[in-house]
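Novice: Please build the complete structure, drawing on both the sequences and the hints.
Per our numbering, the very first residue in the sequence shown carries number 1; after that it's consecutive.
Everything labelled a hint here was simulated from the structure, so no lab data went into it. Owing to the predicted nature of the structure, the values given are computational and were not obtained by experimental measurement. Don't take each hint at face value.
Straight line, CA to CA, 20 Å or less: simulated SDA-like cross-link-like pairs of lysine to any residue [said to hold, decoys possible]:
{"no.": "1", "residue 1": "28", "residue 2": "79"}
{"no.": "2", "residue 1": "41", "residue 2": "92"}
{"no.": "3", "residue 1": "41", "residue 2": "55"}
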Amino acid sequence: MKTKILVRIAAVIGLLVTFSLLTSCQSKEEKVISQLESLCKTVEKDSFDIKDVDSLQAKFDAVRETAKQCNFTNDQLKEVAKLEVRFTKAIAKKALERVGNAVEGIVDGLSGEKE
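Specialist: Here it is in structure tokens:
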């Protein structure tokens, strides 16, 4: 039991050190792009719950504020724009799924159908 916990802690520490090393070599612009990519992946996961959208939106807003201070190349600007659109689409998709599930539940409740 203790071995499993120690292995997990070591794995987490290893990931944090690796992430630190990778991001420390990145420019400010590359960090913004990397953070946007990470946010997109988080939203696109099946385990993402729309209840978490407020905290994720705050992170997205913070990254966008940081991006305002960057000197992006044209290619980097295109990548940032694509990632911003990808993030927005993913959030909208999750919100629509939630609305669809709510409507389905209401319809099922009204029709008396039970699974």
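Novice: Work down the list of hints and note, for each, if the structure agrees.
Specialist: For each hint, the structure was consulted:
1. 28 <-> 79: With a Cα-Cα distance of about 14 Å, the restraint between residue 28 and residue 79 holds, given a limit of 20 Å.
2. 41 <-> 92: The given pair, whose Cα atoms are some 14 Å apart, holds under the 20 Å limit.
3. 41 <-> 55: OK: residue 41 and residue 55 at ~15 Å, within 20 Å.
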